[in-house]
Amino acid sequence: MEGQLAHIGAGLAAIGSGAAAIGVGNVAGNYLAGALRNPSAAASQTATLFIGIAFAEALGIFSFLVALLLMFAV
Amino acid sequence: MATEAHGAEEGGLVFHPMDQFIIKPLFGDGPIGLFTITNATLWMALAVVAVILLMVWGSARRAVVPSRKQSIAELAYGFIYKMVEDVAGKDALVFFPYVMTLFMFIVMANFLGLLPMSFTTTSHFAVTVVLALLVFLTVTIVGFIKNGTAFLGLFWVSSAPLALRPVLAIIELISYFVRPVSHSIRLAGNVMAGHAVIKVFAGFAAIAVVSPLSVVAITAMYGLEVLVAFIQAYVFTILTCVYLKDALHPGH
Amino acid sequence: MATDTHDAAGQAADAAHGAAHGADAAASAPGMPQLDFSTWGNQIFWLMVTLVVIYFVLSRIALPRIGAVLAERQGTITNDIAAAEELKAKALEAEAAYDQALADARVEANRIATETRAEIQADLDKAIAEADAKIAAKTAEGEKAIAEIRANAMASVKDVANDTAAAVVAALGGKADAKAIEASVTARVKG
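As they're listed, the protein sequences go chains A, B and C. This note's numbering puts the first residue of the first sequence at 1149, with every later residue one more than the last. This note's numbering puts the first residue of the second sequence at 1485, with every later residue one more than the last. This note's numbering puts the first residue of the third sequence at 75, with every later residue one more than the last.
I should point out that these hints are in silico values taken from the structure, not numbers from a laboratory. All C-beta atoms, glycine included, are put in the ideal place defined by N, C-alpha and C. A couple of the hints might just be wrong.
[Said to hold, decoys possible] Quick list of the computed label-pair ranges, beta carbon to beta carbon: (1) A/1157 <-> B/1690: 53 to 59 Å; (2) B/1547 <-> C/179: 50 to 56 Å; (3) A/1170 <-> B/1648: 26 to 32 Å.
[Claimed, not checked] Short, incomplete list of chain A residues facing chain C, as computed with Cβ under 10 Å: (4) 1160; (5) 1164; (6) 1216; (7) 1217; (8) 1220.
Take the sequences, apply the hints, and build the full model.
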């Protein structure tokens, strides 16, 4: 019973991955919109883009980690 | 748990997505001590060999007009050099070999881990936590050596209203100490997740009807993983540079 | 056949052993191999070895070498560009010299042409003047001859007229005064 609850919790935690996906999409989409408006400034901002994506993704990775912990470690 | 995961004899779909990460001794069956040669050791050594092949053997001819492998070595050199210079500033070039070491190890371990039947060293928290802690300690120590107590200004946002500053200081402090956690778990989590997903798709291939779809999905995931392998190494490196910039120029 | 069955049996035994070992490992560790802290020391040790090796290989051998190669290439490129600039400057210089020579030649040619034209003009003028002088002389001569002829003819006419007038007067029976006849003839001839 407890293990099954842990699995349910893992599934709920995995929703966080979807939220992170929204965040990453937001970052990339806004970058693209900006890049199309001012293509000459786009190349200098790719590093910022990746940093932004990394920060957004990190939180999704946390929820993924929580899911894994619930699945395997609890 | 173990009996569930290894109930192959009971038939039906069986997934062992995490079995690929098990660390085994390479010779014999004994317990894993501090110096035991394990599969992780083997693949770390292969990463070293790959780095040496690319960076030393590739540039051995010192040609002014580079060969193909020398171009790759120069590309890697220029890529990281420019990143350190642009993101962290000119005075951070002292750390260029250090950043280069991190990048080359991670990128080589990631790519080697994509070979079938291989072991991915960077999927283990033990590895990435050490890498991230090294960066964290370097940044903290260098920050205090270079700036003294002025380094604490990193947490005291002087551009914010005075009333908000203590709150911001707490947030900044927390985010500072979360850095190594996110830094390490991002890398291991991405690599592990990708490999596990491939394994799950491979598990579906046991059903004859779904297997073509499964193979297509594995191929697509593999392509994505090649991208992720590089991007995660890039992200790890560029975040290292960002943290180094904080240590060298804490005034934002 | 016997060996086949033996092999099969061996494989089965191996598989059973492997399964048992896997089960053992899984039982001794949590489900995630990453969280099996008994392997952390081992991994961290070998990771440090790996990083130190890579660091020394890169910082002692690879990076200085590649940096030197890149610097050398940069130098070569800079030199080549400088050489190209120099050649370009030389080419421009040569073009300027060529243009200068061309302009000089054109000026010289103009000068020679003008001189020649002036010379020819002078010769021509001289020749024309000579010819004019000759023509004037000839004309004067001719006019003189004509005047002479005319004077002669006039004198002849006067004589003939005098004679004729005297004859006519004589024939008419008069006795003419020679002077009066001459005066009247002169008056009539003039008129």
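Quiz item: Honestly, which of those hints from before does the structure not fit?
Solution: 1, 4, 5
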